[in-house]
Amino acid sequence: MVATAERPGTTAAPLVRPALIDCDLHNELHGDVWALVPYLSERWRRHVKTMGTRSPSGGFYPRFMDHRADARPPSGRRAGSDVAFTRENYLDPCRVAYGILIPLSPAAGQQNLEFGAALATACNDWQVAEWLDPEPRLRASIVIPVEAPDLAVAEIRRRATDRRFVQVQFTGRPHEPMGRRKYWPIYEACEEFGLHVISHAFGSYGNPLTGAGWPSFYLEDHVGPAQAMQANLVSMVTEGVFERFPSLQVVSVENGMGWLPSLGWRMDAAWSLLREEVPHLSMPPSAYLERHVWVTTQPMEEPHHPHQFVQLLEQLGPLVDHVLFASDYPHWDADQPDAAFPIHLTPELERKVYFENAARLYGLG
Amino acid sequence: MIETASRPPSDASAPSTIKLVDADVHAVVPSTEALFPYLSGHWREHVQATMFKGPVENSYPRFAPTTWRPGTETSGSAPAGSDLGALQRDVLDADGVDVAILCCTYQIDSLHNPDAAVAFSQATNDWLVAEWLDRDPRLRAGIVVPIQLPELAAREIDRVGGHPGFVQVALPARTTFPLGNRIHAPIWEAIARNHLVGAIHFGGAPGTPPTPSGWSSYYFEEYVGMAHVVQSQVVSLITEGVFDLHPDVRVAVLESGFTWIGPFLWRFDKEWRNLRRLVPWVRRAPSEYVRDHLRFTIQPLDAPASDAHFLEAIDQIGSDNVLMYASDYPHRHVSSPARLLDLVTPGLAERIRSGNARDLYGLH
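Sequences listed follow chains A and B, in order. Here the numbering used here is used: the first residue of the first sequence is 1, the next is one more, and so on. Here the numbering used here is used: the first residue of the second sequence is 366, the next is one more, and so on.
FYI, nobody ran anything at the bench for these hints, they're computed from the structure. All values derive from a computational prediction rather than experimental measurement. C-beta atoms are modelled at their ideal positions from N, C-alpha and C, and glycine is treated no differently. Take these hints with a grain of salt, some might be off.
Unchecked claim - The calculated label-pair distances, taken between Cβ atoms and stated as ranges, are:
1. A:Gly58 to B:Ala399: 37 to 43 Å
2. B:Thr382 to A:Gly58: 48 to 54 Å
3. A:Ala287 to B:Ala414: 52 to 58 Å
Claimed, not checked - Reference excerpt, derived from the structure (chain B facing chain A, CB under 7 Å, subset only):
4. Pro479
5. Thr573
6. Tyr588
7. Val589
8. His593
9. Glu677
Bound-form chain B, shown alone:
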């Protein structure tokens, strides 16, 4: 298997001290007011004096059973996942996490006013630095960008991309145009230029429907369907040649399942064999791009009842280098990561617990 790490991997001869990387924990903006220290007077006045309250759409309904796990309830008005102390106590210390990658899904993409989108993404990134990254050396984070404005998103990546705590760019699964579309070229150029990872996360609020058949009625549908949206994004990235233009770029897919990967790639590979002359820059089978360039976090497991079927689904991915451990804190799931880690070989378990994330993020 070709490993094209975007950063040099650690010295293979020396065992790493990093034994557990949690590749998906959430940093939730507790309220618009929490960003006030990082917003200009113009936007503070807007929020204080008018009905505009910043991004209010949310891919995670505050009180839905999937949004918070028991023990993450807060006594005040702050939502689960907004408290660094709780994260340190419940995840970093409790699980013995050496490095955790913060994902902030604040829905900048719902702001169609371009100046608001830029101001709130800048404020969110400055907030992430000051209130999370600078306070615990175990933390890393993804840059929040106004994805609907690719040139300005690239500018924001350049603005903060040099901070050692930022290891990736957070990209919503739901978009107006697929992420590989040439409209997004400035973002991929900025990701490559800053040696960052692209991280596709659950959710997004582009204002266009979440399914090819329009708007669904229930959150349950949106939740399940996010895997299908992510599948369309993977098709787009590979078909448009993002990894041919940027051979060092890699993408982490967060919180969208992984038991679908094998059969999804059968179909994608087959269609590529049939139709590759439409996209001659895609020189290898899509499954090879996935194994070289894409990584998936393991929570939710979306596991079948049968261990045998679960192992088959893992084996059908075709590589030990694809899956990354994640708690997805503070979100709740039915199965613990132990279900997976106890089932696979010790070697694969080590890759999942830290090896794949170490290589992806250049941690050592």
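Only chain A is shown next, with the shape it has when bound in the complex:
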């Protein structure tokens, strides 16, 4: 048994939780691409002024939702775009020991790949100047032009010596499944520099948002990352990415985790019949998931009965040591650290999920 009773209804226990590591903290671009213009060369500044950004279209739905109102800084800037207010509104009161920044920049989705690479460089410079330098508790994800792996590798090399960059950021729906050979140079660079790969939900619309075509509603888009991430993990396992890059670790962010046990069961069942097609795999697929995949908690799974959350933790087995707390601050569906879980975690599990698992993954102490 890895967790105990349901959360009591009324008696509020004093805050005993240790300081946490938040594995999904958003640094927002105030004014979108315009926040990056000061970090662009004159050539690309002209491009922003004449052409603007251009990405495959169709992924934005009417949604009725905006960032958390309480996260809007008094300066009037967009929520999450002001490091001083993020500190005051979130890092300090929620006892955040480290926050892992995940910027949702326009870089990865650009049709013009050179412009995407320039935006990625600018975004990483912006992260250093406006986030990492002012706030020592922050770490960051390297933004790359995902669809131009040669340019992505150049950007990874440019950042790798700054150890405040701890991982390399994919979009949730890259143009090809993440295991495809096209992306291997990125994984090779990650392995060389001890960086992890993360795939954050949403973003990049080079294909219909589901394997069944374009959905109609934001509700569908908001369920969809679970399916998109599963497809990408199936691809990474099947293509043998983890055979070729045995130290590579993949962090799935904002895609849920309830699907992880049944994905392993289904893959193992299919593999026992189809293994001749994938002779390069030396282990059952679930064994790769156990060794290489990490998942963040937000949006928290909310089973129909709390005891089913305990079942989920038990079914995850060794993967419980790969579960990372994440808030998704300052987005509308962010999880508040002390009200996130549908059950009371044991003290041991609480330490692991809020701090120790991430500390081990990212080498933080």
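Following the hints, put chain B in place on chain A, whose structure we already have.
Showing chain B alone in chain A's frame:
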């Protein structure tokens, strides 16, 4: 649990004589030539005299280990699953099946020529009637439709929907637009009008990629990923309000697993609570729609090694009325349905073996 059967259920006081319903067996079109008696001279000439050979894409590679089980190899050129005699011998008689529902996955959806799509779907349905349904009273089938042409698909449903052997409409999991999209409204209207079930089956060849990240490299990925495509279809059906527009319509999901249903519904219910004002016609939690309107066949089991975890996954579905027995003949699977049937309570086993399919298809 509300049961809104599309056909009146059998008299509950009298025990049914139907003890085992196999809700997913395949009828495979052996070759384009097999449809010649049902095609016009125009299309026969096309196939005989040109490079056009009808639908040739296949969600089931002919010789893949998942496509045929030992004993279904045929001596000639016919693929496994194309022989009524073998089906009768190996499934209907061997397992004591009272009723079997045929699923034909002939890929009409790969034909972008609309006249070809209509001609080949008509021929396939006429072939199903003449060579399967009329030859064994234990058989029922799904209507094959040109789903890429919803108005014409509806016309085909109306054309053959009155045949008592057709109990559902076969809809591929992979589509150009999700099945709940309003572009498909004529199909759901025809399904409702003809008192049929919608049956989402493994596969499809719409020409658009099978994942949100494009085309995968291995059949293994496509095979595993079909569960994720089906999940997107379930989200679409409920979100678009198909069951609010058509309260009597129910959907069978074939051959796409079921151990994922519980955790999938946790997420879907949560997002609905958050975002329901975007879709105010969806008045109840998605999990309630699933339990009232959707049924899933049990093969492949996709079972964990642990019986305890397997039972948890079954319990997380939250209803005894969702699962239906299926052999998925002639496809091969690692676990026998007995793994599931021996594990659950006798009452649930009875629902799975026949009760849920009897209610869904109005069998008595």
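Results of checking the hints against the structure:
For the pair glycine 58 (chain A) and alanine 399 (chain B), the supplied restraint of 37 to 43 Å holds, since their beta-carbon distance comes to about 41 Å. Taking the beta carbon of each, threonine 382 (chain B) and glycine 58 (chain A) are about 53 Å apart, inside 48 to 54 Å as hinted. Taking 52 to 58 Å as the suggested C-beta distance range, the pair alanine 287 (chain A) and alanine 414 (chain B) conforms, at roughly 53 Å. A least Cβ separation of about 19 Å between proline 479 (chain B) and chain A goes past the 7 Å threshold, and the interface hint is therefore violated.
With a least beta-carbon distance of about 6 Å to chain A, the hint placing threonine 573 (chain B) at the interface is held under the 7 Å criterion. Because the smallest distance between the Cβ of tyrosine 588 (chain B) and any Cβ of chain A comes to about 5 Å, under 7 Å, the interface hint for this residue holds. Because the smallest distance between the Cβ of valine 589 (chain B) and any Cβ of chain A comes to about 5 Å, under 7 Å, the interface hint for this residue holds. About 4 Å separates the beta-carbon of histidine 593 (chain B) from the nearest beta-carbon of chain A, less than 7 Å, and the hint is met.
A hinted interface residue such as glutamate 677 (chain B) counts as satisfied when its beta carbon comes closer than 7 Å to some beta carbon of chain A; here the least separation is about 5 Å, so the hint holds.
Violated hints amount to a single one, hint 4; each of the other numbered hints is respected by the structure.
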